[in-house]
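The residues making up each chain are set out below.
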Amino acid sequence: MANLRELSQQESFITSGHRMCAGCIAPVVARMVSMAAKDRNVVIANATGCLEVATTIYPYTAWKCSWIHNAFENAAATISGVEAAYKSLKRQGKIKDDYKFIAFGGDGGTYDIGIQALSGAVERGHDLVYVCYDNGAYMNTGIQRSGATPKFADTTTSPAGDVVPGKTQWRKDLTAIMAAHNIPYAAQASPGHWNDFISKAKKAIDVNGSAFINAFAPCPRGWRYNTSDGIEICRLAVDTCVWPLYEVVDGEWKVTYKPRKKRPVADFLKAQGRFRHLTPEMIQEYQDRVDRDWEALLKRSGEA
Amino acid sequence: MRQKVTLTGNEAVALAMKQLNPDVVAAYPITPATEIVQIFSTYVNDGLVDTEFVTVESEHSAMSATVAAASAGARAMTATSANGLALMWEIVYIAASNRLPIVMPLVNRALSGPINIHCDHSDAMGVRDSGWIQLWSENSQEVYDNTIQALRIAEHPEIQLPVMVCMDGFIISHAMENLEILPDQAVRDFIGEYKPQKTLFDLENPVTAGPLALTDSYFEFKRSQAEAMIQAKPHILEVAREFAQTLGHEYGLFETYKLNDAEVGIVVLGSTAGTAKVVVDKLRAQGVKAGLLKPRVYRPFPAEELVQALGHLKALAVMDRADSFNAFAGPVFTDIAAAMYGSGFETKLINYIYGLGGRDVGLDDIEKVYKHLTRIADTGEVDKRLNYLGVRE
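Going down the list, the protein sequences come from chains A and B. The numbering of the first sequence is my numbering, which starts it at 1 and goes up by one. The numbering of the second sequence is my numbering, which starts it at 1 and goes up by one.
Note that these hints are calculated values from the structure, not bench results. Since no wrong hints were added, every one of them can be taken at face value.
Pairwise CB distance ranges, derived in the manner of DEER restraints:
#, chain 1, residue 1, chain 2, residue 2, range
1, B, E227, A, Q116, 34 to 40 Å
2, A, Q116, B, T6, 35 to 41 Å
3, B, I230, A, Q116, 35 to 41 Å
Every residue gets a Cβ at the ideal spot worked out from N, C-alpha and C, and that includes glycine.
In isolation and in its complexed conformation, chain B is listed as follows:
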């Protein structure tokens, strides 16, 4: 039932959205995500979807209308990048707090300033603790697969949280790749009919959505929201197993590459993982025991599983395509270092900030990181925790 096609990441997402056939899409143009809704609007105007397409006047209104449509009982989606996400920020939190199963493709782009349209992860990292599930993708295939799974994850009765599907701006969004897709009907069978828990269109059961919660109730709302995220992992894996039966593509919380017997390894999100795998192969051929781990599910953060997968390494570099500007380390490093603490493992950890504003990351750059790790593995000493890759200093 699979079909082979050649698409850019944006085209793959737009196609997935067409197959998901959301009731409402509210969106605003922003590079590099624009194409997604541009392509989607042709599906709307050609009558290929049932969607009401709301061409809002800003991303703030895009997320506001999406939240409202989801509250009303509709399947609702939007898509954005960088500053668009930053403008949505207030409502991004409300979407999660109100437990709305919204799916949002996020085409990762550097946040201003200076203004820059190219890839980094500062947009997604800014909202990593907003209560959204975050799925990350290495290529168009993963973007397509993740977008379809995202809807099932978001609507899972035990989860009921919004899901952000991240892909690297331009590197994935605008690059043509071969991928396998499902027929429309197979996607519709996979996601099933949506039965919202509550709607605004039930005259017998009117709803007051978004009330004021004071000191005697706010904390309970937040605690139950936290619990949904804590309980989400097995359900995300359940959806992945079911998805594997359609296209045969298997997904976990993260992907490992030649990691089991590795002595040095890196953790890297998104498209750079593809580059790093080539470097791992080259180093392996030279006898270096190099490995790699690519997170897929970054929120919820799979701390225990990551520690078990990484703890045997002598030295580990966590790659961050976003800076925290905290004079300590990037966001992914901070999470992994916190997870490793108290685990009993003695892996030496370093952090590399790389690729900001679309700065190209080549094989040589990644090889430098592994060389640094090899030195640390040999000496047992971390010379420098916070490092910057490929920048003029």
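Just chain A, with the same shape it has in the complex:
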């Protein structure tokens, strides 16, 4: 692995000057995947969402490689179609170069509206890496709750009201759902742990078949933190075990980072405006759930 200075000088398939918000971690996710793909030719598919709209306002583009956007729920089907075209044209000798295929989608486009296309694409086993940049709500349309939104979060469709304190459900465990497809590689990563992130992205790209990465991607608008704190929030999520780092390689679960000392979930929650309304009881409920999930993950990984 290159050091940070070397990485920072690497050319990326996404340029600076895109129009994502200051403090948004989604382009950091894209850039880290780009670092992992530096020796590859890639074609990228992007679901409708922040990353798509803000990087391709016609006639400008922030993408240096070939890139395609089709619609919201079909990034996985779209990358399937591109990969199928490649296989066919390559077989016929009409393409000489080798390519890898990457799809980016937000959590709305992946956990919710795009899950059918994603499930189908990986079941068919296309050679692709699907990267979900999970910012835990429909940020592009203005912070509406999604299947990835954590419990109690204040969003514009799960507002913290006098009677209902934000979202009332726990989030969907998409990484486990993807692992249950028995794909060769599924992982959960966070840009705060860049070394872990890039090596996972590299493994995913090297896999011959379908790979999935669920990437933690804080949103300063939706989560209400200072724009300079995005990576700090990424680290807090990992150190509190709210967002554990692990991978599932050919069915083998492995925790890739264990915090030396688990920090209280409250540290993560209190850093964000969307959890400002939480009572101590709610924070405790959250802590209990995170503990339960962490223990289950350790058990699954043969560590408990």
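Chain B: place on chain A using the hints.
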């Protein structure tokens, strides 16, 4: 170089697809179109085509993957019916907007609800203004011929639009008919090598496909898309003339039958035109000046040509195998009435909605329509514009 075979409509389409040898086919099963890709998959697994066959998990993904493959620079096809097309709807528009030369056989079937697997045209009519060229077919021969021409039309450098080839579910798709086909090589010579304008596999020229177009560019994209459709007609005819040199079958924008000296006529799409021709012959024998017009190219809509062909009629019934539920008239009627307006012709127009959900349309039914037209021609009065044929009321 022609060969005579006996095939169902679905078999004829599958055979045409084999001869077109698309790089990618992405499809999902739905009655009555299922057989097309089922047969095609045997060509794939027997190594008779170069196609990468993507067995997607829904029609939405079928059209999505087809759009993606076409954007990547591949010849890409899919096929569907009814609810499958409805599920594709969002991406159907994107295919046209992105100017992708996709060919899609559409086996016409009633849209739910209630659920029904039989023929009507509500599926195709729902997407008539989605920016796709629509070719309609009366029998297996026309389906075969239209499917092969569709690829050339779609890829024509002045057109670059997707083409839907429509055929009546079961009536054509599942009925055995005699037809003439071309040898594989003749089809390959006719369509030629595909040279896409752009691909996603050009490292020197990377493409951002499907960007966000805001208020300062969206309208220009749509205007140029509209212009492609406006300019398409002569090129469609050009392809037809070239095709005529292979099998000898001639195609225009529409077919007329005993229309030139007719006083009463009907406009009808698809297989019912075959039934109506028999009725025209019978009425002609009785001295009734009956005629018929069967549209082939419904999009682009050949308004001027239709008016010239129909304007001399005293009375005209436009048959719609789909209802618009607008308390006015069906879609084909609305188009033809709009085209006739201001033309100076004084043809009396009526509309018949018929055959929904596969309701059989017999000779007697069509004869009733001509009788109605004769009354209107005699009296000069339209008693009822919107009529329903063969339904219990």
